[in-house]
Amino acid sequence: QLRLQESGPGLVKPSETLSLTCSVSGDSISSSTNYWGWIRQPPGKGLEWIGSISYSGSTYYTPSLKSRVTISVDTSKNQFSLRLSSVTAADTAVFYCARHNGDSYVDQLDYWGQGTLVTVSS
Amino acid sequence: QSVLTQPPSVSGAPGQRVTISCTGSNSNIGAGSDVHWYQHLPGTAPKLLIYVNNNRPSGVPDRFSGSKSGTSASLAITGLQAEDEADYYCHSYDSSLSADVIFGGGTKLTVL
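Line by line, the protein sequences are chains A and B.
Residue numbers for the first sequence, in the numbering used here: 1 to 122.
Residue numbers for the second sequence, in the numbering used here: 1 to 112.
For the record, the hints were derived by calculation from the structure and aren't laboratory data.
Treat the hints loosely; a few may be bogus.
Distance condition first, Cα-Cα at most 25 Å in a straight line; then the derived PhoX-like pairs of lysine-lysine [what the hints assert, rightly or not]:
| # | chain 1 | residue 1 | chain 2 | residue 2 |
| --- | --- | --- | --- | --- |
| 1 | A | Lys66 | A | Lys13 |
| 2 | B | Lys108 | A | Lys45 |
| 3 | B | Lys47 | B | Lys108 |
| 4 | A | Lys45 | B | Lys47 |
| 5 | A | Lys45 | A | Lys66 |
| 6 | A | Lys45 | A | Lys13 |
The following label-pair restraints were derived from C-beta to C-beta distances [claimed, not checked]:
| # | chain 1 | residue 1 | chain 2 | residue 2 | range |
| --- | --- | --- | --- | --- | --- |
| 7 | A | Arg3 | B | Ser21 | 32 to 38 Å |
| 8 | A | Leu11 | B | Ser95 | 33 to 39 Å |
| 9 | A | Thr75 | B | Leu41 | 28 to 34 Å |
| 10 | A | Ser76 | B | Ser11 | 48 to 54 Å |
| 11 | A | Ser31 | B | Gly79 | 38 to 44 Å |
Think of the CB as a built atom: it goes at the ideal place given N, C-alpha and C, for glycine as much as any other residue.
Just chain B, same shape as in the assembly (with noise of 0.2 Å):
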């Protein structure tokens, strides 16, 4: 079970707006450790959609955005397309006594 908890699957029409959480703790999210965002198409390398919780890379369209408050932080993707279809993780770090580097278990997003 991931220290990251994500909703196994969300889904939405194309055009529509979804959002994915990612529910941390004090330990990471809650003590300020930053969240990044990932989409994997399978056989594919994952790509980097949001880093340091609401920064875009170059290239990313300006249609996912992320956001973080407290223990939790999201991403929302508006403008629902086809190619959006994919599995998403978030990414952060966690300080407790056995440190680590942790991912969510995973979203799949399917457009309806």
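One chain only, chain A, in its complex shape (with noise of 0.2 Å):
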């Protein structure tokens, strides 16, 4: 059973770099076609989409993020990981890591982490 699991502060400081980890088990990220990516829920609101990656490293970012994130892979640890810089109070967030079911970053996402809070705040 693939299961994936976001790890990393909870809090972050107002201008500096956020950074999650996302560990994926049942699954080899090396071996697959998939995309992963990542999402945010703020508190109160919808789901938002970051990022996804494949496992050759080839990304795709939001437009309204573009700018500040970064989204890596590491297939010796099967793990991605998402780095936002200059944080502000407006990124504090629920941030879930998921798996895209398919070869491309617009496909269905089918498995999803439990979801990690990251409060920014000085």
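Both chains are sitting in their own frames, so use the hints and assemble them into the complex.
Following this line, the structure appears as structure tokens:
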């Protein structure tokens, strides 16, 4: 059974960089053609796609965050990561990692992590 | 404001049928982009409910169905059950100049 688990600091100071890692078990990132993505949900709001990455490192980001986001993959650890720079309180959200069920970042997301709350505050 | 518009809330009594709409435009649903639906209970991982407009993943009851027409899509739930009370989101792709993966704003389903 495929499982995804987010990890990282739950509190980040304004202007600093948010860093999260998604550990994948039950499937090998390097042996699949799937894309892997990050999605967030601010408190009281809806889901927002942040970006996605392929096993080979091809990335796609939502335009509104593109200048601040970097998603990378470490196939040796079967993990992929998110970095969001220059954060503000508006970046406070529950962050989810998920798998796209296909070889495109527009495919449906069939497996999700439980999510991790990141609060931006001094 | 989301590019895909959903009603903020819908409600129905147990056993009834409800529908949730997802209205887009000619740069996303109307352009042929597929629509997917998720069920989300607070504090849990979103669950894929419908993919590629009208397909159910294994394990999803046939009480849930999806459809798409023109620039809109819909999720229908029949035989409403208390456990269906959750937030529902549609998901698609917008091929405008700022090409983007997009979610609807979400709909809170209340089972009366």
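Practice task
State the violated hints by number, sorted upward, taking the hints as numbered earlier in the document.
Solution key: none
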